[in-house]
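Student: Heads up: the protein sequence lines correspond to chains Y and S, in order. Every letter in the first sequence is one number past the one before it in the numbering used here, and letter 100, counting from 1, is 111. Every letter in the second sequence is one number past the one before it in the numbering used here, and letter 48, counting from 1, is 66.
Be aware that one or more of the hints could be misleading.
To be verified - Pairs of lysine-lysine residues, derived as BS3-like cross-links and limited to a Cα-Cα distance of at most 30 Å, are as follows:
| hint | chain 1 | residue 1 | chain 2 | residue 2 |
| --- | --- | --- | --- | --- |
| 1 | Y | K441 | Y | K662 |
| 2 | S | K80 | Y | K67 |
| 3 | S | K69 | Y | K67 |
| 4 | Y | K28 | Y | K598 |
| 5 | Y | K783 | S | K147 |
| 6 | Y | K282 | Y | K67 |
| 7 | Y | K656 | S | K76 |
| 8 | Y | K461 | Y | K662 |
| 9 | Y | K169 | Y | K28 |
| 10 | Y | K412 | Y | K441 |
| 11 | Y | K156 | Y | K28 |
| 12 | Y | K607 | Y | K576 |
| 13 | Y | K220 | Y | K156 |
| 14 | Y | K440 | Y | K419 |
| 15 | Y | K67 | S | K78 |
I should point out that these hints are in silico values taken from the structure, not numbers from a laboratory. For clarity, every value in this text was computed on a predicted model and none was experimentally measured.
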Amino acid sequence: MAIAEEPTGHVMGHAMKRKEDPRFITGQGRYLDDIVLPRMLYMAIVHSPYAHARIKSIDASAALQLPGVHLVLTGADLDQMGLGWMPTMAGDREMTLAVGKVLYQYQEVAVVLAESRALAEDAAQLVEVEYEPLPVIVDPFESMKPDAPVLREDREQKDNHVFHWEVGDRTATEQLLRSCDVVVRQKVRFQRIHPAPLEPCGCIADFNKATGRLTLYMTSQAPHAHRTVFSMVTGIPEQNIHIISPDVGGGFGNKVPIYPGYVAAIVASLKLGRPVKWVETRTENLTETAFARDYHMEAELGATKDGVVQALKVKTIADHGAFDAAADPSKFPAGLFSICTGSYDFPNAFAEVDAFYTNKTPGGIAYRCSFRVTEASYLIERTMDVLADELGMDPAELRLKNFVPPEKFPYHSALGWTYDSGRYAETLKKALERFDYTKRRQEQDERRRKGELVGIGLSTFTEVVGAGPSQTFDIMGIKMFDSAEIRVHPTGSAIVRAGTRHQGQGHETTWAQIVGEELGLDPQNILVEEGDTDTAPYGLGTYASRSTPTAGAAIAMAARRIREKAQKIAAYLLEVSEEDLEWRDQKFQVRGVPSKAVTMQEIAFAAYTNLPEGMEPGLEATYYYDPPNLTFPNGAYLCQVSIDKGTGEVKVEKFLAVDDCGNVINPMIVEGQIHGGLTEGFAIAFMQEIVYDEDGNHLATNFSDYLVPTAWEAPDWETDRTVTPSPHHPIGAKGVGESPNVGSPAAFVNAVIDALSPLGIRHIDMPLTREKIWRALREHGIEE
Amino acid sequence: MQLHYEGQQSVDGSVGEVFRFICDAHNVGPCTPDLVDLDVLDAAHFHATVKVGVGPVKGKLKLEVALLPQEEQHSLTLTIHGSGMGSGVDLTASAALTPSDVSHTVMDWQANGSVSGPLATVGGRLLDKQAQRIIEQVFVNVRDAVNRLVNTSASEEGTDRSASGGGS
């Protein structure tokens, strides 16, 4: 990857090296587990071995007899304090520690507090819990049956149905489908997966009995929202909760929800008056914390015989596990799944989702995706390929025929979105040309004639990110704006604080670049600080590709507020009127007299030393940005694979990602985001699934069973881009972190199915493991 | 994780001798493999602590075992409930005795049950073979114990009945 030279002058669009990297690559990051406080105790969790069982008794006497063990807390203890249950972001509630029964394997049943982590873990083994096993449901299609055991006995509703959600015009869509020349139907499952950040979740709860203040060091993607929720749950006044999210080693949505471990650690610290540290093991992270996807989808897509799409009808069964702990905006129980019409101009569409409880870990978080957008994108991109196959049409040609054309933007989709911008055909054509698509199709024919299994897959996805506009987007009632505060110091350096919290996205660099661009300051002299609720303005955090669309916009707008004041100071310094000044070449110049100018550094010094009479000193601003719309990044991904007939192994021979994320702040960081997301998409397509057996045993509890690709397995990635700025975002940016995870699974699977299509294979569900492909080959007569 | 195993042992001794042996927890309890601690409550119940190692999961399990003999069928059912290492084990095993000749007995056994927790999840890939080995070992130990008892008695009486041995 070529890195452009360090910026001079304008800093937007330059591949500035990441300011945070020196501390990370020299091992100087400060992660949660690096923090050790005086008198700190350690917490270990007692887990349920059963997926569904009644708790008959808990005996902690042996654990408490160990020297150095201070406390054992059970669900009953928390229940007595009114903390047995806690609200979920989805409007459900979940047990903090199990009360009366357990609903999934590895559910938190009790916690042990001890002088060392080893002692706490040993003592946890001595807590004896007597269970009465109950019937287990791991399949949502079993869960929906009328005679299925009711899992959530605490609810008034005596079945396992969580919610029904629908959008679009069912009647019109069904009528249109009946009149279509061609209708394809495809069942597609997006398997249960897990974000698996390298750093698991954890916290240190430090309650000071003298001050009544709780300091909570926490692996949090949304520190302010967490502060509010902890205040609501525990009753501690919000000003007395100070959350510090130190360096976070990956989140991908996994560190958005509030987990029982956090609450238990807080309670333990309240009771003991000592700091309590809890850090998950890898197994705990994979088994207890929120999963992603687990959607069973079925699409009906109708088109004319020459391939113009007419109607899309989608029915989805969602497996939410034991509690509805999905991290979706309040009014969107199925997230933004209604983006399932993708990049295509459907006259009519209808989508519905029914969610069910099962005896599995709760969740449904937006793993590197803007709330169910990956599921939607995968469904439509797979189904478009099925339609192309049915019509005998090239999948690229089919897409080009059906894209929303540029002149239709802002485009009102059949399912209610207003797409802000896009030039889909241009993006795909650029990808096809760079991929040498026509030639590769010819080569594919030649290789097929030699007996090779070679496939080419496309995905031309549209995302919807940047949640979101306050009239529709909130989490537990809190509007999903975001914020920034900028203070310019007398010497022309600055500090930027934002309500977001990066976990590897490079905010310390990109936020500095935005300020550098807007104010003409050197990004190297701009400190970015996030993750401290005592200092940063209130924001909703970093997930769902929302940071640049919301906080990035807030930073630009705060900088512009500063510039407004700076213009007044500049006029005073230059002894001209404000109207005579223009912001040009990153300084205020007198119109037509470029030599008569002042820089922001000079203005900053004057803001503290030489002000117009009556002006308030200082140079700072805060901005809360409520986005007028979401942003709609998109892309065209192409993938070529070959398949070993003997082993079922898929080799990705070439992968090209052409993204359009609007204006780019730092192309190196964008490219890095795309590389990371593609690697995750590759893992999802070929390796990863959270599997349960029929008894609810979790069979992906470690990295031997839940595979994370290394550089060895990951293919080479080629990237390119088109630039269609968002018309409503202050700097025209759209967000990119999640596009590759959203767009790539369909490209991989479409390529594999294309390779297998001569055998009559139309679909195989992910993950496309060697075994699954090998079996499909054998079932279709390939015996090599 | 569901388990099902079955096998057969040929045991020295008449059906009556073998049945009397296996109906007493004082005899069966010590046949538990990898035994750390044994507490025989009465002839029909014992508690045992055993060492278990399945892949990366190593530790101790506490077993509660109940013997339910069916006199007329010369058969025995054992219910085994175990917990430990954050895991749960629930097994029902049975042994049915039939004479192969006047002084030898065929013991057909089977075991069904489930394992949950880290034993099933972390050790899942290795559990099946390991569990089969352990359960087989119980019946091999029973066979050997009966053989020792019967042959010791026989040698004291001046006869030799050790013609059998193996099993499957």
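Student: Confirm or reject each hint.
Tutor: Hints versus structure:
1. K441(Y) / K662(Y): Measuring from Cα to Cα gives roughly 24 Å; hence the hint holds.
2. K80(S) / K67(Y): holds, 17 Å
3. K69(S) / K67(Y): Given pair K69(S), K67(Y) holds - Cα atoms ~25 Å apart, limit 30 Å.
4. K28(Y) / K598(Y): holds, 24 Å
5. K783(Y) / K147(S): holds, 24 Å
6. K282(Y) / K67(Y): Distance ~26 Å between K282(Y) and K67(Y) Cα, so the pair holds.
7. K656(Y) / K76(S): violated, 40 Å
8. K461(Y) / K662(Y): Given that 30 Å is the threshold and the Cα spacing comes to 17 Å, the pair holds.
9. K169(Y) / K28(Y): violated, 57 Å
10. K412(Y) / K441(Y): holds, 16 Å
11. K156(Y) / K28(Y): Answer violated: K156(Y) to K28(Y) is near 56 Å, above 30 Å.
12. K607(Y) / K576(Y): Distance ~19 Å between K607(Y) and K576(Y) Cα, so the pair holds.
13. K220(Y) / K156(Y): violated, 51 Å
14. K440(Y) / K419(Y): It holds: about 19 Å lies between the C-alpha atoms, which stays within 30 Å.
15. K67(Y) / K78(S): holds, 22 Å
The structure fails hints 7, 9, 11 and 13 (numbered hints given earlier, in ascending order).
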